[in-house]
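Protein chains: 2
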Amino acid sequence: METPKRRRSATRARLLEGALDVFAERGFNGASVEDICERAGFTRGAFYSNFASKDELVLALFQATTDRLLEQIAALLPGLADQPGTLLDAVLGLLDDAAPDRRQWHLISTEFTLHALRHAEAAEALNQQRKMFRERLTALVEEISAAGELRMSVPPEQFVRLVIALHEGARSQSLLEPTEVPAGSLEHLFLPMVLEAISRPTEGVSRP
Amino acid sequence: METPKRRRSATRARLLEGALDVFAERGFNGASVEDICERAGFTRGAFYSNFASKDELVLALFQATTDRLLEQIAALLPGLADQPGTLLDAVLGLLDDAAPDRRQWHLISTEFTLHALRHAEAAEALNQQRKMFRERLTALVEEISAAGELRMSVPPEQFVRLVIALHEGARSQSLLEPTEVPAGSLEHLFLPMVLEAISRPTEGVSRP
Numbered sequence: 000m001e002t003p004k005r006r007r008s009a010t011r012a013r014l015l016e017g018a019l020d021v022f023a024e025r026g027f028n029g030a031s032v033e034d035i036c037e038r039a040g041f042t043r044g045a046f047y048s049n050f051a052s053k054d055e056l057v058l059a060l061f062q063a064t065t066d067r068l069l070e071q072i073a074a075l076l077p078g079l080a081d082q083p084g085t086l087l088d089a090v091l092g093l094l095d096d097a098a099p100d101r102r103q104w105h106l107i108s109t110e111f112t113l114h115a116l117r118h119a120e121a122a123e124a125l126n127q128q129r130k131m132f133r134e135r136l137t138a139l140v141e142e143i144s145a146a147g148e149l150r151m152s153v154p155p156e157q158f159v160r161l162v163i164a165l166h167e168g169a170r171s172q173s174l175l176e177p178t179e180v181p182a183g184s185l186e187h188l189f190l191p192m193v194l195e196a197i198s199r200p201t202e203g204v205s206r207p
Numbered sequence: 000m001e002t003p004k005r006r007r008s009a010t011r012a013r014l015l016e017g018a019l020d021v022f023a024e025r026g027f028n029g030a031s032v033e034d035i036c037e038r039a040g041f042t043r044g045a046f047y048s049n050f051a052s053k054d055e056l057v058l059a060l061f062q063a064t065t066d067r068l069l070e071q072i073a074a075l076l077p078g079l080a081d082q083p084g085t086l087l088d089a090v091l092g093l094l095d096d097a098a099p100d101r102r103q104w105h106l107i108s109t110e111f112t113l114h115a116l117r118h119a120e121a122a123e124a125l126n127q128q129r130k131m132f133r134e135r136l137t138a139l140v141e142e143i144s145a146a147g148e149l150r151m152s153v154p155p156e157q158f159v160r161l162v163i164a165l166h167e168g169a170r171s172q173s174l175l176e177p178t179e180v181p182a183g184s185l186e187h188l189f190l191p192m193v194l195e196a197i198s199r200p201t202e203g204v205s206r207p
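The listed protein sequences correspond, in order, to chains G and C.
Under numbering that gives the first Met the number 0, the final residue of the first sequence carries the number 207; numbering is consecutive throughout.
Under numbering that gives the first Met the number 0, the final residue of the second sequence carries the number 207; numbering is consecutive throughout.
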């Protein structure tokens, strides 16, 4: 039997799903709450009983995607914790598949970042969310370093920032030139080199 | 004495300058040709005798900035062609100083890229321009490799794509978190490692 709670959660999911389409078509600034409600088939009342604002909806979209991604990464760990290179490749693959639609995802995540650069409150909320994501990834890198008895020559958080920066910058190129820059190609080519360069075995023992 | 040609060029320069402010405030989509004219103190007629469209004006802005950047890089070459690492650091410094205002530059270049992802004609023009820029940078990397008798283990164009992707992705982080990510910090930390990893002396001679 459908409970009010379950109905509410289904409404929320449909609003989130419809919003992605609307944002991709009209842009974050161009899309109104009415547009999103119309696409999902709900009233403004339904929207506002789930989200305080369009900003809050976008942040909920980001949260859902990063939560799913972190879960998928955690599932890889038991088998690959002692193979940093292979794990890195697998994580990069997940980054590209985390969103239901790469192009739509790039549009809304980039647009909301630009919105944040113009609105301090949005910047604070976005930074907070990105920080939590980075901290989870950093903890993961530290866990893997420990498992492989490696010492990194740079703070692990800097490596995580590099992965995110390169992923976001490369996505732009691969969407503009899909043939020349297949999704993930720059990341898969260069990030393992960096990982190798910053990883040193502990106790100065040279690796085989 | 002011010639018609010189007057036209001054009009063009003032339109370009005023446009940057207007785009930063209202976004590429939100800024109208009227807004840009009003800011620069010209009529629509003056605008259209210089640019066929808002797209063309943005592409002219990009062209002026990349031309200036390529000139500055070329000026570095005579002194640093045999020191790839130092030259890379210097080029990264120029990348950050090429635009009159980093934040404004990031806003318009990112917004126009998003615009291109929604409009095929803009994508074609932008890709053409970015391609010319990459080719000039690639030729430079090849020149430096030859001067240093290095052989790169990846196509030089891929390294150029990496520099651009990381620069664009990192700029977003450094604008959102200026204290945590000083401009250029990720590039200066990681790109020299990649350059080192992909550079091999020719003829298998190990470097000192």
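These aren't lab readings, by the way, just hints derived from the structure by calculation.
Be a bit skeptical, because a hint or two may be false.
List of simulated lysine to any residue pairs, SDA-like, C-alpha gap at most 20 angstroms [said to hold, decoys possible]: (1) G/K130 - G/L174; (2) G/K130 - G/A119; (3) G/K4 - G/D20; (4) C/K130 - G/D54; (5) G/K130 - C/V180; (6) G/K130 - C/P177; (7) C/K130 - G/A45; (8) C/K4 - C/A45; (9) G/K130 - C/E179; (10) C/K130 - G/L174; (11) C/K130 - C/A146; (12) G/K130 - C/E176; (13) C/K130 - C/A45; (14) C/K130 - G/K130; (15) C/K4 - C/D20; (16) C/K130 - C/R102; (17) C/K130 - C/L68; (18) G/K130 - C/T178; (19) C/K4 - C/F50; (20) G/K130 - C/L175; (21) G/K130 - C/E16; (22) G/K130 - C/A182; (23) G/K130 - G/Q71; (24) G/K130 - G/P177; (25) C/K130 - G/T42; (26) C/K130 - C/H166; (27) G/K130 - C/P181; (28) G/K4 - G/A45; (29) G/K130 - G/L175; (30) C/K130 - G/Q71; (31) C/K130 - G/E179; (32) C/K130 - C/L94; (33) C/K130 - C/E55; (34) C/K130 - C/E179; (35) C/K130 - G/L15; (36) C/K130 - G/E176; (37) G/K4 - G/T42; (38) C/K130 - G/S184; (39) G/K130 - C/K4.
For clarity, every value in this text was computed on a predicted model and none was experimentally measured.
Now for the hints, and whether the structure bears them out:
Straight-line distance between C-alpha atoms of G/K130 and G/L174 comes to about 26 angstroms, which puts the hinted pair past the 20 angstroms bound. Between the alpha carbons of G/K130 and G/A119 the distance comes to roughly 16 angstroms, so the proposed pair stays at or under 20 angstroms and holds. In summary, the hint linking G/K4 to G/D20 is not supported, as the alpha carbons are separated by about 25 angstroms, beyond the 20 angstroms threshold. Only pairs whose Cα atoms come within 20 angstroms are accepted, and C/K130 paired with G/D54 is rejected, the gap being roughly 35 angstroms.
About 13 angstroms separates the Cα atoms of G/K130 and C/V180, which keeps this hinted pair within 20 angstroms; it holds. Taking the CA atoms of G/K130 and C/P177, the gap is near 14 angstroms; set against the 20 angstroms cutoff, the hint holds. Taken as a hint, the C/K130 and G/A45 pair is broken in the structure, with Cα atoms around 47 angstroms apart against an allowance of 20 angstroms. Note on C/K4 and C/A45: the hinted pairing holds, with a Cα-Cα distance of about 13 angstroms set against a maximum of 20 angstroms.
Of the pairs offered as hints, the one joining G/K130 and C/E179 holds, with about 11 angstroms between alpha carbons and a cut-off of 20 angstroms not exceeded. Of the pairs offered as hints, the one joining C/K130 and G/L174 holds, with about 15 angstroms between alpha carbons and a cut-off of 20 angstroms not exceeded. Only pairs whose Cα atoms come within 20 angstroms are accepted, and C/K130 paired with C/A146 is rejected, the gap being roughly 24 angstroms. Between G/K130 and C/E176 the alpha-carbon distance is near 10 angstroms, which keeps this suggested pair within the 20 angstroms criterion.
Restraint check: the Cα-Cα separation between C/K130 and C/A45 comes to about 30 angstroms, which exceeds 20 angstroms; the hinted pair is violated. The suggested pairing of C/K130 with G/K130 is violated, with an alpha-carbon distance near 34 angstroms, which exceeds 20 angstroms. At most 20 angstroms may separate the alpha-carbon atoms for a hinted pair to count; C/K4 and C/D20 exceed this at roughly 25 angstroms. For the hint pairing C/K130 with C/R102, the CA-to-CA distance comes to about 24 angstroms; that exceeds 20 angstroms, so the pair is violated.
Restraint check for C/K130 and C/L68: satisfied, since their Cα atoms lie roughly 15 angstroms apart, inside the 20 angstroms limit. For the hint linking G/K130 to C/T178, the alpha-carbon distance of about 14 angstroms falls within 20 angstroms, and the restraint holds. For the given pair, C/K4 sits about 15 angstroms from C/F50 by alpha-carbon distance, which is consistent with the 20 angstroms threshold. Taking the CA atoms of G/K130 and C/L175, the gap is near 11 angstroms; set against the 20 angstroms cutoff, the hint holds.
Straight-line distance between C-alpha atoms of G/K130 and C/E16 comes to about 35 angstroms, which puts the hinted pair past the 20 angstroms bound. Only pairs whose Cα atoms come within 20 angstroms are accepted, and G/K130 paired with C/A182 is accepted, the gap being roughly 18 angstroms. Restraint check for G/K130 and G/Q71: satisfied, since their Cα atoms lie roughly 19 angstroms apart, inside the 20 angstroms limit. A hinted pair counts as satisfied when its Cα atoms are at most 20 angstroms apart, and G/K130 with G/P177 does not qualify at roughly 30 angstroms.
Taken as a hint, the C/K130 and G/T42 pair is broken in the structure, with Cα atoms around 47 angstroms apart against an allowance of 20 angstroms. Under the criterion of a C-alpha separation no larger than 20 angstroms, the hint pairing C/K130 with C/H166 is consistent with the structure, at around 16 angstroms. Restraint check for G/K130 and C/P181: satisfied, since their Cα atoms lie roughly 16 angstroms apart, inside the 20 angstroms limit. Taking the CA atoms of G/K4 and G/A45, the gap is near 13 angstroms; set against the 20 angstroms cutoff, the hint holds.
Restraint check for G/K130 and G/L175: the C-alpha separation of about 28 angstroms exceeds 20 angstroms, so the hint is violated. The hinted pair formed by C/K130 and G/Q71 fails the criterion: a straight-line CA distance of about 36 angstroms is larger than 20 angstroms. Taking the CA atoms of C/K130 and G/E179, the gap is near 11 angstroms; set against the 20 angstroms cutoff, the hint holds. The straight-line distance between the Cα atoms of C/K130 and C/L94 is roughly 17 angstroms, inside the 20 angstroms bound, and the hint therefore holds.
Our distance criterion of 20 angstroms between C-alpha atoms is met by C/K130 and C/E55, whose separation comes to about 17 angstroms. Distance check on the hinted pair: C/K130 and C/E179 sit about 32 angstroms apart at the alpha-carbon level, beyond 20 angstroms; violated. In summary, the hint linking C/K130 to G/L15 is not supported, as the alpha carbons are separated by about 37 angstroms, beyond the 20 angstroms threshold. For the hint linking C/K130 to G/E176, the alpha-carbon distance of about 10 angstroms falls within 20 angstroms, and the restraint holds.
As the CA atoms of G/K4 and G/T42 are separated by approximately 18 angstroms, the hinted pair is consistent with the 20 angstroms bound. About 18 angstroms separates the Cα atoms of C/K130 and G/S184, which keeps this hinted pair within 20 angstroms; it holds. For the given pair, G/K130 sits about 53 angstroms from C/K4 by alpha-carbon distance, which is inconsistent with the 20 angstroms threshold.
When held up to the earlier numbered hints, the structure conflicts with 1, 3, 4, 7, 11, 13, 14, 15, 16, 21, 24, 25, 29, 30, 34, 35 and 39 and fits the remainder.
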